[in-house]
Amino acid sequence: MSPPLPSSSPSSVSGAASAAADPAVLLARIPVLRGLDPAAFTVTPVPDTAPASDPLVVIEGLGEALVARLPAPAADPAALAGRRAEAEALALAGRLGLAPPTVVYDPEDGFWVMLALSGARLDDRTPPRGAQLTKMATALRRLHVSGMTLSPRRDPFEALRISGECIRHAPPSLPADGLHAITDVARECRVALIGTTPDPVPCLNAPWPWVYLDTGTRVLLLDWRAAAMGDPHHELACLCETQGLDAERERRLLRAYIGADQGRGQDRVRVFRLLAAHARLMDGLASGTADGTDDGPAPRARLADLMSRCRAIIESSAWNQSMERLSARASLSPTQMGPAGAEQRP
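Mapping of the sequence shown onto the numbering used here: position 221 corresponds to residue 269, and the numbering continues sequentially without gaps.
Source of the hints: derived by calculation from the structure; they are not laboratory data.
Cβ coordinates follow ideal geometry from the N, Cα and C atoms, glycine included.
Nothing false has been slipped in among the hints.
With beta-carbon atoms standing in for the labels, derived distance ranges:
| hint | residue 1 | residue 2 | range |
| --- | --- | --- | --- |
| 1 | Gly-212 | Gly-83 | 51 to 61 Å |
| 2 | His-217 | Asp-247 | 28 to 38 Å |
| 3 | His-217 | Thr-174 | 26 to 36 Å |
| 4 | Pro-79 | Gln-369 | 54 to 64 Å |
| 5 | Glu-296 | Val-73 | 40 to 50 Å |
| 6 | Asp-294 | Leu-110 | 41 to 51 Å |
| 7 | Ala-139 | Thr-174 | 28 to 38 Å |
| 8 | Pro-125 | Thr-174 | 32 to 42 Å |
| 9 | Ser-335 | Asp-232 | 15 to 25 Å |
| 10 | Arg-190 | Gly-311 | 13 to 23 Å |
| 11 | Gly-111 | Asp-154 | 17 to 27 Å |
Can you make the complete structure from the sequences, with help from the hints?
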């Protein structure tokens with residue numbers, strides 16, 4: 049059995065995770081292995097290139113290999129809430145065949161043990177294509193139409209709420225008037241999108257390629273910490289934007305997800321792509337690399353690229369056509385906007 053997250057470069061297991069990777073400690077936490085001789089097992093770190101991902105180890109010696117995720121201890125309430133939300137989501141996702149079979153999940157620290165599955169995790173060096181896109185679309189559609197109800201709810205417009213503070217801390221190399229202009233267009237998108245909002249559905253909210261494990265026949269989803277009720281078209285747009293899908297790959301993904309007659313769904317995904325790109329830009333501005341503490345050439349170049357990406361979307365004819373159609377539909381919608389911009393329905 050291969051571990052579920054193979055990669056090309058080595059990583060180490062350190063600190064608290066190193067202690068947790070001790071065979072005796074691991075076996076004590078896994079009921080099916082508890083009481084067995086630790087010397088009969090080998091624990092091997094999984095090579096991993098995923099940024100900020102938790103260390104994984106493969107446990108072998110019982111016939112079926114297991115993979116354990118060893119997250120760092122969480123100190124803040126948001127991380128603890130994310131672990132509880134992941135436990136809830138995994139319990140439901142397992143029934144749908146969307147996650148690896150879970151052996152143990154401890155919401156106190158996110159310790160997750162799963163069966164090792166043969167397959168390859170997607171990486172950020174090559175955008176997914178062809179059959180991979182079809183399998184990704186199938187997995188997300190199965191999640192979105194599952195009828196699952198998750199406790200948290202994701203606001204797809206959160207970046208607009210913090211944009212003013214982010215822009216105030218932008219480095220001098222980025223013109224504030226350009227950042228404000230992009231944000232103004234993003235706010236126009238919000239009005240058009242809210243006027244055509246579907247009912248919330250369960251969403252993964254993890255668009256990074258290494259979250260997707262391609263087993264050959266299907267795709268499994270490997271990180272459920274941000275799972276929440278949300279907008280399905282926002283999820284698809286974030287996936288397209290984060291993984292750098294061009295127009296043809298976007299069409300392939302949406303054809304597998306929506307069908308040949310993509311209509312309003314395609315328009316909403318296209319318009320949401322600006323919100324996704326804008327959110328990435330605001331995240332960059334809010335990070336330590338953008339507040340002057342590490343304003344070096346690489347962070348500046350990355351922020352400039354993110355800003356250029358937003359402008360490219362705004363200038364594209366396909367985006368403008370989708371925005372016009374959605375705006376026309378929104379003007380006929382019964383949806384009303386409250387004084388704080390929150391959606392209110394009669």
